[in-house]
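Visitor: This is what each chain is made of:
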Amino acid sequence: MSIPLRLTVNGEPRDLILEDPRVTLLDALRERLHLTGSKKGCDRGQCGACTVLVDGRRINACLALAVSLDGAEITTIEGLAARDGGLHPVQAAFIAHDGFQCGFCTPGQIMSAVGLIREGQAGDDPERIREGMSGNLCRCGAYAGILEAVRDASSDMQREEAA
Amino acid sequence: MNRFDYSRAASVAEAVAAAARPGAAYLAAGTNLLDLMKGAVVTPGHLVDITRLPGLDRIEPSGDGGVRIGALVRNSDLAHDRDFARAYPAVAEALLSGASAQLRNAATVGGNLMQRTRCPYFYDTASPCNKRTPGAGCAAIGGATRLHAVAGWSEHCIATHPSDFCVPLAALDAIVEIEGPGGARTVPLADFHLLPGDTPERESVLAPGELIVALRLPPEAAGFSAHARYLKVRDRTSYAFAVVSAAAMLRLDGGRIADGRLALGGLALKPWRVKAAEAALMGRAPGPEVFKEAAEAALAEAKPSGEANAFKVELARRIVVRALTLAAAGTPERLPALPASPFAASSFAPGAAHG
Ligand SMILES: Cc1cc2nc3c(=O)[nH]c(=O)nc-3n(C[C@H](O)[C@H](O)[C@H](O)COP(=O)(O)OP(=O)(O)OC[C@H]3O[C@@H](n4cnc5c(N)ncnc54)[C@H](O)[C@@H]3O)c2cc1C
Ligand code: SF4
Numbered sequence: 001m002s003i004p005l006r007l008t009v010n011g012e013p014r015d016l017i018l019e020d021p022r023v024t025l026l027d028a029l030r031e032r033l034h035l036t037g038s039k040k041g042c043d044r045g046q047c048g049a050c051t052v053l054v055d056g057r058r059i060n061a062c063l064a065l066a067v068s069l070d071g072a073e074i075t076t077i078e079g080l081a082a083r084d085g086g087l088h089p090v091q092a093a094f095i096a097h098d099g100f101q102c103g104f105c106t107p108g109q110i111m112s113a114v115g116l117i118r119e120g121q122a123g124d125d126p127e128r129i130r131e132g133m134s135g136n137l138c139r140c141g142a143y144a145g146i147l148e149a150v151r152d153a154s155s156d157m158q159r160e161e162a163a
Numbered sequence: 164m165n166r167f168d169y170s171r172a173a174s175v176a177e178a179v180a181a182a183a184r185p186g187a188a189y190l191a192a193g194t195n196l197l198d199l200m201k202g203a204v205v206t207p208g209h210l211v212d213i214t215r216l217p218g219l220d221r222i223e224p225s226g227d228g229g230v231r232i233g234a235l236v237r238n239s240d241l242a243h244d245r246d247f248a249r250a251y252p253a254v255a256e257a258l259l260s261g262a263s264a265q266l267r268n269a270a271t272v273g274g275n276l277m278q279r280t281r282c283p284y285f286y287d288t289a290s291p292c293n294k295r296t297p298g299a300g301c302a303a304i305g306g307a308t309r310l311h312a313v314a315g316w317s318e319h320c321i322a323t324h325p326s327d328f329c330v331p332l333a334a335l336d337a338i339v340e341i342e343g344p345g346g347a348r349t350v351p352l353a354d355f356h357l358l359p360g361d362t363p364e365r366e367s368v369l370a371p372g373e374l375i376v377a378l379r380l381p382p383e384a385a386g387f388s389a390h391a392r393y394l395k396v397r398d399r400t401s402y403a404f405a406v407v408s409a410a411a412m413l414r415l416d417g418g419r420i421a422d423g424r425l426a427l428g429g430l431a432l433k434p435w436r437v438k439a440a441e442a443a444l445m446g447r448a449p450g451p452e453v454f455k456e457a458a459e460a461a462l463a464e465a466k467p468s469g470e471a472n473a474f475k476v477e478l479a480r481r482i483v484v485r486a487l488t489l490a491a492a493g494t495p496e497r498l499p500a501l502p503a504s505p506f507a508a509s510s511f512a513p514g515a516a517h518g
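So the protein lines, in turn, are chains A and B. Positions 1 to 163 (my numbering) are the ones given, in order, by the first sequence. Positions 164 to 518 (my numbering) are the ones given, in order, by the second sequence.
If you're looking for bench data, these hints aren't it; they were derived computationally from the structure. On a predicted model such as this, the values are computed, not experimentally measured, just so you know. Treat the hints with caution; some may be incorrect.
[What the hints assert, rightly or not] Not close to chain A: a few residues of chain B, all C-beta gaps over 12 Å, as computed:
| # | residue |
| --- | --- |
| 1 | 192 |
| 2 | 401 |
| 3 | 403 |
| 4 | 416 |
| 5 | 470 |
| 6 | 502 |
[To be verified] Listed next, the in silico SDA-like pairs over lysine to any residue satisfying Cα-Cα at most 20 Å (straight line):
| # | chain 1 | residue 1 | chain 2 | residue 2 |
| --- | --- | --- | --- | --- |
| 7 | B | 455 | B | 421 |
| 8 | B | 201 | A | 41 |
| 9 | B | 201 | A | 22 |
| 10 | B | 201 | A | 121 |
| 11 | B | 201 | A | 27 |
| 12 | B | 201 | A | 30 |
| 13 | B | 466 | B | 452 |
| 14 | B | 201 | A | 83 |
| 15 | B | 201 | A | 126 |
| 16 | B | 201 | A | 20 |
| 17 | B | 201 | A | 43 |
| 18 | B | 201 | A | 18 |
All C-beta atoms, glycine included, are put in the ideal place defined by N, C-alpha and C.
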C-alpha cells in the first residue's frame with residue numbers, strides 16, 4: 001500500500017509517499033522531513049514535547065496519524081522565527097526568562113504557548129497560564145521561567161495586535 | 164503498532180460498510196486508539212478514518228428545544244462554545260478538567276464516550292485481563308487497586324470508566340444517536356455503557372460496525388444552568404484522571420430544590436447516576452444536612468473492590484456534599500482557572516468545609 005500525502009509544513013507544501021499508514025505526524029516530521037525540532041518524549045500524549053500546530057491549533061503530534069491529516073497546515077518550532085532569523089516573541093521571551101534548562105521540552109513548550117496565546121483563554125492570569133500549559137512537562141522544573149515567559153510574550157503579542 | 168489497512172470514509176454509509184469488516188475500528192482523533200495500539204493492547208486490522216465525515220462537527224439546536232452535538236465536535240470547541248457553556252456549564256467544566264489543551268483540541272465527542280478504561284493491567288499485555296482476552300482472568304483483583312471500582316463491578320472486572328465528559332451527560336439525560344448496519348437508533352447515555360458482569364469485554368451497547376453520529380441533550384437540561392458544577396479529585400493538580408468526581412446540578416424555586424441531578428465519576432465502569440440521591444433532594448431547602456443525606460443515599464450501595472480503594476467511598480461522599488454546596492452557591496460567571504478543582508480558590512464556597 002503506498003499512500004500519497006500532502007502537508008503544508010511551515011508554509012511550504014511537502015509531498016510524501018507513505019508505504020505504511022502507521023506513521024504518526026511526529027514520525028513524518030522527524031524521520032521523513034528531517035524536522036527534528038519536535039521531540040519524541042513519551043510518544044503517548046503525556047509529556048507534550050511533540051506539540052505542533054495543526055491548522056493553527058496545538059495538538060500532540062505523537063497521537064495523530066499523518067495520513068489522517070492529509071491537506072493540513074502544520075507549524076513546527078522550525079517555522080516560528082521570521083525568514084531573516086528574527087525570533088518569534090515567544091522564543092525571545094523563553095530566552096529572556098530562562099524558560100528552560102536542558103532544552104528537550106522547549107520546542108513543545110514554545111509551540112504550546114503559541115497555541116495557548118492564540119486560544120485567548122488565559123490572558124496574563126498566572127493560574128490560567130499554568131493550567132493551560134499543564135500538557136507540557138518539564139523535568140528540569142523550569143516552570144517558573146516558563147510562566148514568566150508566557151505571560152510576557154502574551155502581553156507583547158496582544159500589544160502588537162492592538163497596534 | 165500492528166500493521167493495518169487504512170481507509171477514509173466520505174459518508175456515514177461508507178463508514179458503516181467499511182467497519183463491517185472483522186477487526187475494523189473507527190479512527191477519530193486517535194488520542195486513545197493510537198495510544199492503545201502502540202502498546203499492542205488493541206490490534207485492529209483495519210482503521211476506518213471518520214474525521215472527514217461531513218456534517219458531524221456541528222453544535223446545533225435539536226428542534227425540540229435541546230441541543231445536538233455532532234460526534235466529531237472537538238472537546239475544546241464544545242467546551243468553549245459560548246452558548247453551549249452558558250446553557251450546560253457543568254459539561255463545559257468537566258470537559259476542561261480532562262486531559263490537556265492539546266488533547267482536547269484533537270479529541271472528539273464520540274471518541275470521548277468510547278475511550279477505554281485506564282486500568283493499568285488492561286494496558287499491560289503481560290497481565291491477564293478479561294477485557295482484553297475474555298476468560299483470561301483479572302490481574303487487578305488482588306493487585307494494586309487504589310483507583311479501581313467501588314460500585315457496579317463484578318468478580319470478572321473491577322475497572323472504572325475514565326471519562327469526565329460522560330458524568331454530567333449522564334446526569335442530564337443525554338441521548339446517543341447511532342447509525343449502523345441495522346439502521347439508525349438512539350440510546351440514553353445512561354444505558355450506553357455496560358457494567359462488566361460476566362462479559363467485561365463488552366463495554367457499550369454498540370454492535371460491531373455501529374457508529375455514534377451525535378449526542379443530544381433534552382430541553383430540560385438547560386434548566387440547571389444557574390446551579391451546575393463538576394468537581395474532580397485528582398492525584399495531581401491538573402492533567403490527571405479522576406480518582407473520584409461528581410456532577411451536581413440544581414433547579415431552585417422559591418428557596419427549595421425543584422429538581423436535582425447527581426452523577427459520579429471514578430466509581431464504576433460507567434458514569435454513575437444516583438437517582439436515590441436526587442430523590443433525597445427534591446422539595447428540600449438546600450443546606451448541609453440535605454446534602455449529607457443525598458451523599459449517604461448516593462453511596463449506600465457502594466462496595467470497595469479492594470482494600471486499597473475503600474477510601475473512595477468516603478471521598479465520594481464528601482465530594483458529593485462539596486459539589487452540591489458549590490452548585491447551590493451558583494455557577495460562577497466565568498469557569499475557575501482550575502476547572503473542577505476542589506483546590507481552586509473559587510471552589511471554597513461558604514459552608515463547603517467537610518462536616
Ligand atoms: C495523557 C492523556 C490524559 C487524558 N486525560 C483524560 C482525562 O483526564 N479525562 C478524560 O475524560 N479523558 C482523558 N483522556 C482521554 C481522552 O479524552 C480520549 O483519548 C479522547 O476523548 C478520545 O477521543 P478521540 O477522538 O481521540 O478517539 P479515538 O482515539 O480516535 O477513538 C477512541 C475509541 O472510540 C472509537 N470511536 C471514536 N469515534 C467513534 C464514533 N463516532 N462512533 C463509534 N466509535 C468511535 C474508536 O474506534 C476507539 O475505539 C486522556 C488521554 C490521554 C492520552
Ligand atoms: S479490572 Fe478489568 S480491565 Fe483491569 S485487569 Fe481486570 S478485567 Fe482487565
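Visitor: Confirm or reject each hint.
Guide: Outcome of the hint check:
The beta carbon of residue 192 of chain B is not kept farther than 12 Å from every beta carbon of chain A, the shortest such distance being approximately 7 Å. Distance check on residue 401 of chain B: its Cβ comes as close as 4 Å (rounded) to a Cβ of chain A, failing to clear the 12 Å threshold; non-interface status is violated. Distance to chain A contradicts residue 403 of chain B as a non-interface residue, since its nearest Cβ pair spans about 9 Å, not more than 12 Å. No Cβ of chain A comes within 12 Å of the Cβ of residue 416 of chain B; the nearest lies about 34 Å off, and the non-interface call holds.
The Cβ of residue 470 of chain B sits about 29 Å from the closest Cβ of chain A, beyond the 12 Å cut-off, so the non-interface label holds. With a minimum CB-CB distance of about 8 Å to chain A, residue 502 of chain B fails to clear the 12 Å threshold, and the non-interface call is violated. Proximity of residue 455 of chain B to residue 421 of chain B is assessed by CA-CA distance (about 18 Å); at most 20 Å being required, the pair is judged to hold. Under the criterion of a C-alpha separation no larger than 20 Å, the hint pairing residue 201 of chain B with residue 41 of chain A is consistent with the structure, at around 14 Å.
Distance restraint check for residue 201 of chain B and residue 22 of chain A: the Cα-Cα separation of roughly 10 Å lies within the 20 Å cut-off, and the hinted pair is therefore satisfied. For the hint pairing residue 201 of chain B with residue 121 of chain A, the CA-to-CA distance comes to about 33 Å; that exceeds 20 Å, so the pair is violated. As the CA atoms of residue 201 of chain B and residue 27 of chain A are separated by approximately 13 Å, the hinted pair is consistent with the 20 Å bound. Straight-line distance between C-alpha atoms of residue 201 of chain B and residue 30 of chain A comes to about 18 Å, which keeps the hinted pair within the 20 Å bound.
Proximity of residue 466 of chain B to residue 452 of chain B is assessed by CA-CA distance (about 23 Å); at most 20 Å being required, the pair is judged violated. At most 20 Å may separate the alpha-carbon atoms for a hinted pair to count; residue 201 of chain B and residue 83 of chain A exceed this at roughly 37 Å. Straight-line distance between C-alpha atoms of residue 201 of chain B and residue 126 of chain A comes to about 35 Å, which puts the hinted pair past the 20 Å bound. Pair hint residue 201 of chain B plus residue 20 of chain A holds up; C-alpha atoms about 15 Å apart against a cutoff of 20 Å.
With a CA separation close to 9 Å, the supplied pair residue 201 of chain B and residue 43 of chain A stays within the 20 Å bound. Of the pairs offered as hints, the one joining residue 201 of chain B and residue 18 of chain A holds, with about 18 Å between alpha carbons and a cut-off of 20 Å not exceeded.
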